[in-house]
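Colleague: Letter by letter, the chains look like this.
There are 2 protein chains.
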Amino acid sequence: MSIIASISADVLKSAQQQIQQDLTQALDAFALPEPLKGAVYHAVMLGGKRVRPALCYATAALQPHRHVAAVRRAAVAVELIHCYSLAHDDLPCMDNDSLRRGQPTCHVAFGEDTALLAGDVLQSMAYEVLGSRLFDTGVAIESGIVLKQMQILATASSKMVCGQVLDLQAEGKKVNQEALENIHRNKTGALIQAAIMMAAVTIFKGTDPAIPQLRQFGQSIGLAFQVQDDILDVTAETEVLGKTAGKDLEVEKSTYPALLGLDAAQAYAQQLHDQALQALSYFGEDAQQLHAITQFLLARQH
Amino acid sequence: MSIIASISADVLKSAQQQIQQDLTQALDAFALPEPLKGAVYHAVMLGGKRVRPALCYATAALQPHRHVAAVRRAAVAVELIHCYSLAHDDLPCMDNDSLRRGQPTCHVAFGEDTALLAGDVLQSMAYEVLGSRLFDTGVAIESGIVLKQMQILATASSKMVCGQVLDLQAEGKKVNQEALENIHRNKTGALIQAAIMMAAVTIFKGTDPAIPQLRQFGQSIGLAFQVQDDILDVTAETEVLGKTAGKDLEVEKSTYPALLGLDAAQAYAQQLHDQALQALSYFGEDAQQLHAITQFLLARQH
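Here the protein sequences line up with chains A and B, keeping their order.
251 is the number that numbering that gives the first Met the number 0 gives to position 252 of the first sequence; each next residue is one higher, with no gaps.
218 is the number that numbering that gives the first Met the number 0 gives to position 219 of the second sequence; each next residue is one higher, with no gaps.
For reference, chain A alone in the conformation it holds in the complex (with noise of 0.2 Å):
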């Protein structure tokens, strides 16, 4: 393992560890009706790569901040929305998956019901999380920035779901670059940047220089992610992905492999993440932790 490998390999680990902490910390302030518990457990707590949260991290890891706790839950708060797509995703009228993590889904270990209410309560669990006091030890954060959180994660939450709209749309037609790109800025972009940008509106004020070079990062590597993804699809056997492998072609979704050949699409998410590491060139040393979580998405093999 390389130097920077294994530096990314312990920024993820670290912040795979503190987010599992702080979900269960979260989850367990929540009074949830059984069945309704069981589910939002299983849909939260069976891990994944927590990269919404790493970054979330990473960007306050920028500068020295007093505000922990609010960082803390903007992490939380992204990744259950996160949570509630991946459960509304897999359900029967939608993916209809039944594999996830390399587990079962959330409908077929607690019925489609209950697993569209676990869905849609881990939703608003988010704003709970966001406007509470959790983790917080003492100085209370200024009401302003939480508005702001909110607005970002709200914003990007309905981007989600219109990229959801857009991705069926496409399913079984042939469409160009420009459309596929809109499809993952909206689908999966929207959120990746939400969790850097939740972060940002935390330790920055609204005119810093540091806030467009974040949102342009943020950008970059929400469009490498799926273009990473897509490929892992083609590439990747089910064991390794957790999930079922050739889905896409499967359901003739539009893919960058598919649309650019798997050379030309390997070469654009290189591309991709080159812009994102120009981006953090603007913050030298102190975008390390950042630095570190680019690498680990463009090496991943799930």
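In short, the hints are calculated from the structure, not lab data.
Chain copies aren't distinguished; within one or between two, either way the pair holds.
Straight-line distance between alpha carbons at most 35 Å, and here's what the computed DSBU-like set of lysine-lysine pairs gives:
1) 36 <-> 172
2) 36 <-> 173
3) 147 <-> 36
4) 12 <-> 36
5) 173 <-> 48
6) 147 <-> 48
7) 48 <-> 36
8) 204 <-> 147
9) 204 <-> 12
Dock chain B against the given chain A, drawing on the hints supplied.
Modeller: Relative to chain A, chain B alone:
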């Protein structure tokens, strides 16, 4: 028509016109792709009594204030949450209803996948609206108030889902009155109370004694609404109700008439209304609009 009934009808009609106009303006501000856009408009614009926005406006009318735009946003947000819940409740994996407000339900008109996504996006749109500058004419509202609105809405939305789960769990079982009230305080009561409290925190300081009075009013009227709903399911015709009558009995739902008998259920509805009016007595003449709506809710036939 008695004078009181006529005032009630006027207050309701005026609220309905206002919310119809504001919902249109709010939805038009979003760029949604088809068929999501069609499904969202279908779910939202079909009408309905608009009880929650009416309660929101009537609460804000308790005193002169300068936060008209924030109250209008709150009314839109709470109605979007209500509409999302209806779209999801009607889905085949839930109540499997094909008729709502005398029209085909969202999934009948647009397909299950689109109805699911319409519900999902309506939830995030509610928070987008809340955090927006929609309807603003000048004075921006303090972030702290919007944050409180968000907390109230998110908590009520989570409770609504919990109530839904408790309700499903109770089907075919005999539950006692305490359990039934717990279901309804969550499933219906929480969001009705939220409509009132979102306006309350906008126009009153947190320490104002008006706040607990309105919380009490919201609790009583929320439960009264559901008791009345149960009664109408037994007594009304499908045509008047705009949704399938007798449905509760069919799926062996626990209801107040089933638990207490029809007469006792009607007496209980009256008692809850009296409690609601008692809480309003604190406001004297200022609560005229809230009185009128309370009156309407007890007398309603659908």
